[in-house]
Structures are given as structure tokens and as C-alpha cells.
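Peer 1: Kindly generate the complete structure, drawing on both the sequences and the hints.
If you read the sequences in order, they're chains W and C.
In the numbering used here, each residue carries its 1-based index in the first sequence increased by 338.
In the numbering used here, each residue carries its 1-based index in the second sequence increased by 338.
To give an idea of the chain W side of the interface with chain C (calculated C-beta under 8 Å), a few residues:
no. : residue
1   : Ala373
2   : Pro403
3   : Ala405
4   : Gly504
Hints in this document: simulated from the structure, not taken from any laboratory.
Here a beta-carbon is modelled for each residue, glycine too, at the ideal position from N, C-alpha and C.
Spelled out from the first residue to the last, the chains are:
Protein chains: 2
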Amino acid sequence: MKRLVELAKRRGYFFQTGEPYGAVAGFYTYGPHGAALKANLEEAWRERWSVMEGHTEIDAPTVMPEAVFQASGHLDTFDDMLVECAACGESHRADHLIEDETDLEEPESLPIAKIEALIREHDVRCPTCGTALADQPVEDFNLMFETNIGPGSSNPGYLRPETAQGIFVDFPRLKEYARGELPFGVTQIGRAYRNEISPRNAVVRTREFTQAELELFFDPEEHAPDLSSIRDVEAPLYRAVDQLDEDGTPVDMTIGEAVEAGIIADDWIAYYLGIAAEWYEAMGVDMDRFRFRQHQSGELAHYASECWDAESDVSGPEEDPEWIELAGFANRGTYDLGNHEAHSGEPFTVFQEYDEPKTVERATVDPDMSELGPEFGSAAADVAEALADLAERDRSAFEGESVAVEVDGDSYTVPVEHTGFEVAETTEAGRHFTPHVIEPSFGIDRTIYTVLVHAYDEDEIDGEERTVLRLPPEVAPTFVGVFPLMDKDGLGERATEIAAALREAGFSVTYDDSGAIGRRYRRQDEIGTPFCVTVDYESLEEDTVTLRERDSTEQIRLSIDELVPTLSGLRDGTRSFEQL
Amino acid sequence: MKRLVELAKRRGYFFQTGEPYGAVAGFYTYGPHGAALKANLEEAWRERWSVMEGHTEIDAPTVMPEAVFQASGHLDTFDDMLVECAACGESHRADHLIEDETDLEEPESLPIAKIEALIREHDVRCPTCGTALADQPVEDFNLMFETNIGPGSSNPGYLRPETAQGIFVDFPRLKEYARGELPFGVTQIGRAYRNEISPRNAVVRTREFTQAELELFFDPEEHAPDLSSIRDVEAPLYRAVDQLDEDGTPVDMTIGEAVEAGIIADDWIAYYLGIAAEWYEAMGVDMDRFRFRQHQSGELAHYASECWDAESDVSGPEEDPEWIELAGFANRGTYDLGNHEAHSGEPFTVFQEYDEPKTVERATVDPDMSELGPEFGSAAADVAEALADLAERDRSAFEGESVAVEVDGDSYTVPVEHTGFEVAETTEAGRHFTPHVIEPSFGIDRTIYTVLVHAYDEDEIDGEERTVLRLPPEVAPTFVGVFPLMDKDGLGERATEIAAALREAGFSVTYDDSGAIGRRYRRQDEIGTPFCVTVDYESLEEDTVTLRERDSTEQIRLSIDELVPTLSGLRDGTRSFEQL
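Peer 2: See the structure below:
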């Protein structure tokens, strides 16, 4: 959508940062209208995904120390495949080159050797200078921005690649704020960073972006969502199996049907897909250019048991479809909390009290160190520990006369009478439990881009071509424009008063008194302002104004007293312009 | 304020990030209440400093390329003085050590050699291990976090040390959105980063923080603020001269008086100090622990002609005063735009049309290259350029028979007849002008900290000690708590309905049904919730509830129907609890 990107730059939605210095790829600034649209979208997300769901929001730093990303796995696996041109030195994403040259989908999941072979096979060339890349090595390139915290380089830090880790890493404290009771959800809206090899497509693939994420902590045995509110929501579901079929297409069905047919396995994911379909539509996403795509099993992260992406088609008219990922909905199990527990040595669990205390059998050992010490020397303590592990794991091992354990590859045999093995009943009030996580993760910039592309339209009004952004009132940066017909005879003063009263009533207002009225309407159409109020000579005599609607360009006349209640009704959807 | 920091951690205002990994100094996470308070403060800032002033807000990246910070001067001069302990390897801020050991104020502005001398003279020792630092070198340490953009290290990037550069660097585009008309203001709220050598004092000196900045672009010859709205605002002004006097203290006076007495030189700075005094008071800053401090001439950045800081005292009861900087108000002149123009080669000016075209005399040259070429060889082009510069600068140089110019240290003499020198009248419609900048720059985290410290109180209610945060309703994370007396006999259901109705009316609501009522009140007092509604048996019979005020702990009974209008009035200040 070249025209949209051009409009975005010209009218202050977004533009590449630092143009006077030639602009570094992958960084965009939201201008006045873009920043306002972004704030509206974020507020709408917060209201729907945090407040309405009864969750709490936090605000964590964007720079985090290495230990966090060792635990999360990003340090080891958050890579893209890099190939450098020997001739011009330009870096390229190897899987993207393959995607452009072949009809393979998602070559991202292929191993490096396979990508190198494909480059040779298809004689892929450097898009910058045309040199063959066949002999160039393909390498893993970690996508995190690295820096140093404090003087020297002993304390590396990284710009977070997702907001989620700021929630996971301080789960032990966040669970206290939730009084230790599952299920609870924590949300966060903020910056995230990926040092993309080749950023592209305006704000779709940038190096710095905004995410809105929700981490729901729950016990799959105990907690299920109430699906009644979203059971009848319809959405196009693009199953993994349909994607493998050459003629496969998404199937429209209700979330309830999808759950019953087992297409969506996890009820929580179904619940969030239902909310998401309604939310995206309210934000102005065209549902005919929207789908939920199930991850292929090979594409699934190893820790995720199920994942669906929300996708939108952002192609322009008469272009090939261009699907981009807007959000992911993943069942992450205990992967994140379990990893942080293992790496930090601190508990990332909640204590779940049983309805009534339970009596359970526990197998324990109490090794006789006066026997083990002399016999095993420096290995004695490790042997004792191995015995304790074994008792917990497999009490049948203690049924014979002696028991064998392995320590550092060596086997040690201990007479059972020296192990102090015992099975005893204990009463337990509850258990320490690692919560499971469902994560709806939204890209805000891609939502902005989709909403703008889907709102973009060109039509003809009175024989004149017009560009119009058909944005829903909830997200439009300006809700109402106020114009005096001319800036004389007191028209300007009256219009200024009206603009002030509308601002006071909580509307986002633009005042414009320059140029012909038609041109002022076009200017507001182009930035997506849903309504305009014009003050003319009748306004002074009869206290009325004209109210014009953007999409139809229809105008009505109404009394100034009715302006605020009418606009309020139009904003919250309790009135429609046609009725008026 | 150790107790405040402890409360902040326990109740979810803020805590050090990543405690399970030992937490890296200088990074804090805002928990649920802190994030809500922060969002309220940011929204209040946006409303007062952007919307009410008619400015626009943008949202620029936090990572920017090196060229930006070469131009801004941060790469060369954004340093702190670092001294490392030879024994334990710990890094310290040398000027802070001097500040702690002597009664020198602002040793930050002293040269390195002087700091080294002071360390020797006072035998300053490593605060960590006690080893003498006398023989250790003091070095400049650049406070920007550095990273690499894209693969390799050929494109260094930095985390922005202030949000402002995101506005300055794209001024040429932002001026288009303002249709090229001065004055206009651009605001931004967002993250900024300083790689502090020794972060300290909770969220006061962190490595990642949030700023809210306003850049006002204007022509000092043409544009002055209307001071009428803030002329009578009183504020304690701590003049540079008072700071040098041992007994000097701030003087309370109105902004109007300060302008007339020439204490505040710039009207724009006076205007913003007036707004700031009112704004901080509304946010809950105790004005008895607040002052505006004028920068000493040695402390002023070389580009700033005048600067005042807003400061607050964040000491606890019976502690020595501890003044911290909350905001700075600086006249930056043309420094920023001029630098970006010089470094980028692009114009950072606006075109100001004259009221009517002006006829001016311009001196130009048109050198005869057929003469200059043979005579000066490869220097001829430079000589021609030097002649053009000279004509603009000093036309009297062309009054004799020949004219001399210097190129790369060599002097060249040219007969005037070969220069094509001419003075002609031209008509000009306007001029290209570099706007001046006034910058009010706010630290959001320090405002949060001040508001919490000033709200913190301990008192005694019915013989029981209580901790209470006396936060203004506008910033409190929760506006009203709703409690059923007990969760039985339908009390819980009625209270849930009331909570939902209050949420619907736009209030931030907490529902709590666990523990004794008194304990629930204490819990809300401690997080600063201004009002609590309790649903009891009378509520079921007579449709009334009790409404309790936090500060006085007084309770009144009122009908459920009146709850929303009463709370609205209490929130916007049109009603007071005493009247009720």
C-alpha cells in the first residue's frame, strides 16, 4: 500500500525517523495523528484485555540482564539466518531470499544446511548487487540488541525482544499482589526490540515496536474459561491441515463449533480467539481480510502445545494477498516459569491449599553417613543425595538388599539398611504448583498499519476524487472538526466557543479556519475525522450548525444545544447518522 | 524514606526488577498500583502540557543512530566522572564521593584534575572496601547505552538519553504538520536511558526512566506568552545569588513580581514555571517542600541562556532535607536546530513571510574564471567561493582595485574587475529563520516518588496505628473500594452490582470481600484509595450505603442513587466531603 504509506508520511501518521540523516532502516516515528491513533488503540486494548478481564497491568524496564535471556532461551535460539554478500557486503535474511525465489512457505523453520543447498540450487543472487550467494555461508544471527550495563563489559544487558519476560521474571512478587490465588492475569503494553537483518514494509517489520501482552496464570485441572460470551462469535479459521492442501482455505465457523469439533483444542485459546475477533472488528479491521491461522506442528515453538495467529491481509486493491501476523495466542504450559525457577534457584510456584488436608505416603532416606563416609569418601554426600532422589522417584528400588545409584557416571552400591529408607504417611495442607500460561500477544504497530490500510479508500464526491480514511470513531485521532464558514462577522468567535465546549465534553477536536470549506472537509476526510461541524450565518441567528458525516458526506442541521448529546451517541454507537 | 520504599515494594507500587536473579541496580518495575499511578500522572501531564496548550504529541524510537548524538553533543559531553577502586574493582561516581566527603555543592561542574586533587586532599576511600582512591585516575564515562544496529558493528546506535532528540531530528517534517507557522509546540512522553555509574535512591536515579518533554519553537522577536493566567501564582524561587549566600533561602513571590524584578529573565520560562507550580500542587506535591532553583552561571549548559529546575525535598520526618530535581525549564536558543542543520546539511528553518515584500540590497560576485583559472589553478574554485562569502560579509573590501582572500592559509589577490562584484536590489517575500526553543523537561519517575513521599503519613485511628497515602483523587491508582460487610445474604451480589455500576461510570474500582472491614479499610488507606463504599444489611432494605473518606476516616450514609453524582463531584472537586 504505497499510497497509504505516502499519506501516512504527508499527513503525520508515521514516517521514517531521522530523514535529515538518511534514516536508518527499521525505525519509525509516529507523528501527531499516528501517536493519537496509537494511544486510542492502546487504551482500547487496555480496557478490553486488562480492565474488563479483571487483570492488572505492570510497567517493567526494556533493558534486562543476560541471566533473564539465558533462562528464557532467547540467547540461544532467538536467531534469524544471515547471509552476507561477498561483493557488496550487504546483509540479507537467507530464508526471505528463499521465500522470494521459490514457492516454499515458512522456510524459516528449515535447517541452515538446507537453506544453503536451496541457495545453490536456485542460484539465489544478492538483491543489492546481483552477485551469486551460492558460496556464502548462512549463519545464525541473534536478534537481540546487546549493550553493557554500567562501566566495562562485565554486565551485558539486552533490549527485551518481548514484553513478557518482564512479567515472568518477577512472577514471585506479582503472585503476592494477587494474594497467591489462581487464575490471575498480568498485562503489559510497551516497547520491544528485534535487530532485524532486513527491516521492511513500513511499520510492519521494524527494529523497535510496541507490544501488548497478557500472561494468564492458571491450573489446567481447576480453571476453565466461561465460553458463553464468545461461543457464537464467527471467525475464519485456517487450520494447519488446510494450509498443507493446495486448495485449502480458511473455514468460517463459530468459536463454539470449533471447540466442539476439536479444531481449537484449548478452551482458553478459544476464549481469547473469540474476544480477539470481536476486538479487531471494533478497531476497524475488515473481517473479510482477517483470519486465525493455526501453527503447523513444525512451526510450533517446542514448549507450546497449541498456537494460533491472528493475521490480516494488507495488500492494496488488485494486488496479491499479503498476510501479516497481528497477534499470537499460545499455550506456553509451564515453560517460562519452570525455566526461571531452574535458572534462578528461586521458587516460581503458587501454594495451592487442598479443600481439606491430604494424607499422603512419602518415601524418604536418612543415610548412615558413618558407613557411607568411609566407603565412598568425597562422593558420599552426592551418593546420599542420589539416594534421596531415587526414593522419591522409584521406591521399588529399595525392595532388595542393596540399591545402586549413579554419580557422575560411576555406580555406587549401598546396602538398603544403610540408607535409612522409610515410607511414612504425612499430612499436607496443599501443594506447590507451577502455573500454566496462556499468552495472547499483540503487535500494536501492525494493528495500526492494518487499521489504516483497511480504512483507506478513494471515492468520488460531486465529480471530485477524494481520499478518505474510514476509521471507527473509537480509534480516529480526531473525532470532530469545527470550522467557521469564514473568519469574520463573529463566526470565528462562535466556532471557537463551540470547539472549546466540545473539548470540555471530552471529544478530540480540531479547529480549522483556513481555506475553502470543501478543502477543509477533504483534509479531515484524509486523516479520518468522522464528523465535522460548520458554523455559518444561520448559526449566529438561530443557534444551529451543520453536522457532516465523513463516509456519506451527508449533512444535517441541528441546534447547538443538541451537539454534545448527539456526538456522544454517535461515538458510543447508541445513535446512527442515518437516523438523524 | 525507607518506609515508603518498603511499602512500595510490599503493596505493588514499585520494586527492583529481577529479584530472583539478584536484581541489577538502577532498574525498577512498576507493579499494578504503580503502573496505574504512572498512567494517571502521564495522562494529567498530557492534558495540561499538550492538549490545553494546543500542542501535538509524537512517539519516536528510543534507539537512534550515532549521527544524531554527534549533532546533539551527547557523544562528546554526556559524561560522568568515574573512579575505579584498584582493590575491589567497584566503580564510583567521583563527584558523588567528593559531595559526600566535603560540603561542596555541585562538584559535578569541577574539572577532573580538581576532583583528583580533592580525592587526595580528603583521603577519599572506596565506599565498598575502604581502600584509598588517592592514586586512581578519574575518567570521563559516557552515559549513553551503546548497541549495534543490524549485523556487525558498522552502525552503532544509542538508547536516547532524552526524548527531545526525537523531536529535534525530525523538525523539518514536524514543521510541515504545523503548516510552517510559529509558535508551535511538540510534546513526547517516553523512555530515556542513562547508564549511571552508581544508581541510587529507588526510582530517583535509575538507568531507565520516563520523561515528558515539551519543545516550544518560536521567534523571540515576535512571540511572547500571555502571562495573565499565571501572573498571581506564588512559588518559592531560589535564585543563583541566594545559593551562594550561606544563609540564603528561597523567596516566596508571585511569578508576576519575579518577572517585574527581572529575577526570571525570559517570559516563556516565567509562563511555564507558573503552570508547573499549579500542576505539581494538583498532583499532590507539598508546596512547602518544593522550590524553583535557578542554575548557577557555571552550571548552565553552554547553549542555555537561562535555566530553572523544579525541585522537591523527599526526606522523611526528622531527616535532613534531600532536594531532588523534578524538572528543568531551559531556554535552549537555536542550539539544537542549528546543530542538526550543520551536521545533516538539511535546513532546520521555517520560512517567515514578511507582512509585505522587502526590497534589499545584496552584494554578489560572478568571477571571471577564464582569468582565475590560469592564475590559481586547482585553487580557483575555492577562491571564487571565498570571494562570494566576502561579498556577503564585507562589501567595502571590493572598494579598491584588488581584493585579497585566504584559502587554506594561502592568500590570493584578485583584481576587482575579475570578480564580477555587483550590488543589486532584490525583492524578498520573507526569510529563512531558525526557531528558538524553550524546553520544559519533566522526570515522571521522580514526580511519582515525590508524590508518594509527600502523601505518606502515619496516624492513629481509634488507638490503632495506621499508614496512609494521602494521594489526590486525580492520581490515586484506585478511586473507590467497594466492600460487602459479609459475603452472604445477598450482600456480595449487591456490592458486585454497585462495583460494576461505578466502573461503568468511569471510576477505577477495587472490590474486596476478604477479612474484617477494618482491615479492608487499612488496606485501601495504605495504597491511597480516597473513598470506600460499604454494603450492609441496611443497603438491602433501604438502598443506602456508607461512604468513607480516607483522610478523615469519617463516614456518611447516602442513597445508592446518589453514589455516582456524589463521587463525580468529589473527584472533580465540585463537592467536598465535609459539606456532605
